[in-house]
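Trainee: One letter stands for each residue in the lines below.
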Amino acid sequence: MAVAADITPRESPKRRARNRALARFVRHRLALFGLGAIIVLVLLCAVGPYLWPYNDLRIDISHRFAVPFMSAHILGADALGRDLFARLMIAGRVSLTVGFAAMAISTVIGTLVGTVAGYFGGAVGSMLMRFVDAVLCFPSIFLLLALAAFVQPNLFTITLVIAATAWMEVARVVEAQIRSLRERDFALAARVLGASDAHIMFRELLPNAIAPIVVASTLNVARAILLEAYVSFLGYGIQPPTPSWGNMLNNAQEYLATAPWLALLPGLFIILAVTGFNFVGDGLRDALDPRLDIT
Amino acid sequence: MTPPPRMDPDALLQVEDLSVRFRSDTGVVSALNGVTLAVRPGETVALVGESGSGKSVTSLAIMRLTPSPPGCEVGGRVWLRGTDGRPVDLLALPGEAMRKVRGDRIAMIFQEPMTSLNPVLTIGEQIAEAIAVHRGTSRASAWNAAGELLELVGIPEPRARLATYPHHLSGGMRQRVMIAIALSCDPALLIADEPTTALDVTVQAQILDLLRRLQKRTGMAVIFITHNLGVVAEIADRVMVMYAGRIVEEAAMRTLFQAPRMPYTVKLMRSVPRLQIGGERVALEAIPGSVPDPTNLPPGCAFAPRCSHAMEGTCDVVGPDLEEVQPGHFVRCVRWRELAGGTAR
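Chains as they are written, first to last, in my numbering: chain A, 1 to 295; chain B, 1001 to 1345.
Bear in mind the hints are in silico, worked out from the structure with no lab data behind them. Built from N, CA and C at the ideal position, the CB exists for glycine as well. There may be inaccurate statements among the hints.
[To be verified] Cβ-Cβ distance ranges computed for the label pairs, FRET-style:
| id | chain 1 | residue 1 | chain 2 | residue 2 | range |
| --- | --- | --- | --- | --- | --- |
| 1 | A | G235 | B | L1065 | 55 to 63 Å |
| 2 | B | P1299 | A | G122 | 50 to 58 Å |
| 3 | B | N1228 | A | V26 | 27 to 35 Å |
| 4 | B | D1186 | A | P207 | 46 to 54 Å |
[Said to hold, decoys possible] For the chain B half of the interface with chain A, some residues (derived, Cβ under 8 Å), not all of them:
| id | residue |
| --- | --- |
| 5 | M1063 |
| 6 | R1102 |
| 7 | F1110 |
| 8 | T1115 |
| 9 | S1116 |
| 10 | L1121 |
| 11 | P1288 |
The task is simple: from the sequences and hints, build the whole structure.
Mentor: Below, the structure is given as structure tokens:
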């Protein structure tokens, strides 16, 4: 005989919770703007080059320094007469790829390090976290330049190098989360059931730390795009003729007085992408904060 | 009482001289000082005592879930009869083998059903996980088994509940889910650490009733940890009263309630509020003082400083042994013979 009077059927509160998070995100105007900017940029860079009549590498001396909106080169052309819009879109592919790939790599490394350090604590945890602190002590731009000086700069190595300077923040966030989560009763309950350490770490604890990881990762994309632009601007990143927003800025330096749009437009794209990701990150932070769920 | 050299042939679990010491900045905390107990298959043993008497530490030590050695030392032996009938010393078992015992041979449920379930996994996932950890069955059959378990513990619409999250459920329902998880691998022993303390009384009664029915059905033994004597009277076959990390009285449930010998047990029973209207209102007796500091236990009987029968020169000097009052009834008090004359009541 089942005595079970202490339950009332309710409509799925999980869905309601998810909708609440969504509602909070939507209320965040800047986050919506950021999301829109990112979607537009991604679509533009992914599909745009196929639709645009000009090739990013085609040199056309007759249109050197074409002024924006004055010819078929809508956004103008650079010192070699290459179409700026085509170059911006291809450069966007490079920058966004580096951004997302570096974010993915740094999130995985940071999550692994943070989870292991937070779960085991003690000597293992201290060692890992002091290593994180040590890496954080290097000004990342110098670390980046030093590393970039040693490796052949291409899309792959630049991504790795940026990821190597970006995983620490995630590691710290995850470590703090896991350290508090492992003291919770359900972690002990899992141990009592005979679950292994790996099982408890990755199946029981990590899913509870997803929200801060998502936020840190989003902000990391912006950081990675900015870092890629840095190194490319300084000449250690993506090498010409492949355009990236950073090396386009570099090339534009000489013509700053005569053709300012060559610097302004890539700069604008960088700003758009970086602020877009930052706003989305902030919006997610607010939307996923469970403390705001108390209604 | 010297520890028996071999395991009692009737026993499922036999704990011998179990001691747990924690090292802290302020000194060594003696949480358990030589606890000896045996549990037979199918019986319910209640561990009773105030907070800090060592009830929960006993269960954690049996499960080997106390902190690792530098901060915590565990001594003694914990024999558990294996599936093949041969006793195994759990304290000597390698970590991986111990992990297989947990959840499989011995399961445990906790006081706080609100926090013992993982908030981000569905009920079904958590039960199926428990089955998969030990049985390695397929997802589909584990899911099916999870549905049956929910039905067994009296959750309405068990199949539909599998996909819900813990925060959808009330405390009583969550404790049922915890019980379902504990039962998932058909354990020989269930340690219930104050499973009803956080629930309101009507739900408490339902959970106790459920545990009793499940025990009858599966034949598992239960160690029931509680400070609630009402719950003890409801569910226990035998009772062990703990004080300051020692068992101070052990008896069959009826014997203990009818003729408690240890002054502490007597006081404990008098401090329980009674449900009665009319007649004389009996004043509730609180036990004066508090549990002794485990870093600095008194040299004699640990209860002596709070005991109204304590005799200077005897109780505060010699730590009494557990003596047999009658078969199956043991008491740790130097004066129990005198007090049995009637003065103790």
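Trainee: Would you mind marking each hint as holding or not holding in the structure?
Mentor: Results for each hint:
no., hint, result
1, G235/A / L1065/B: 55 to 63 Å, "58 Å, holds"
2, P1299/B / G122/A: 50 to 58 Å, "36 Å, violated"
3, N1228/B / V26/A: 27 to 35 Å, "50 Å, violated"
4, D1186/B / P207/A: 46 to 54 Å, "28 Å, violated"
5, M1063, "6 Å, holds"
6, R1102, "4 Å, holds"
7, F1110, "6 Å, holds"
8, T1115, "4 Å, holds"
9, S1116, "4 Å, holds"
10, L1121, "7 Å, holds"
11, P1288, "34 Å, violated"
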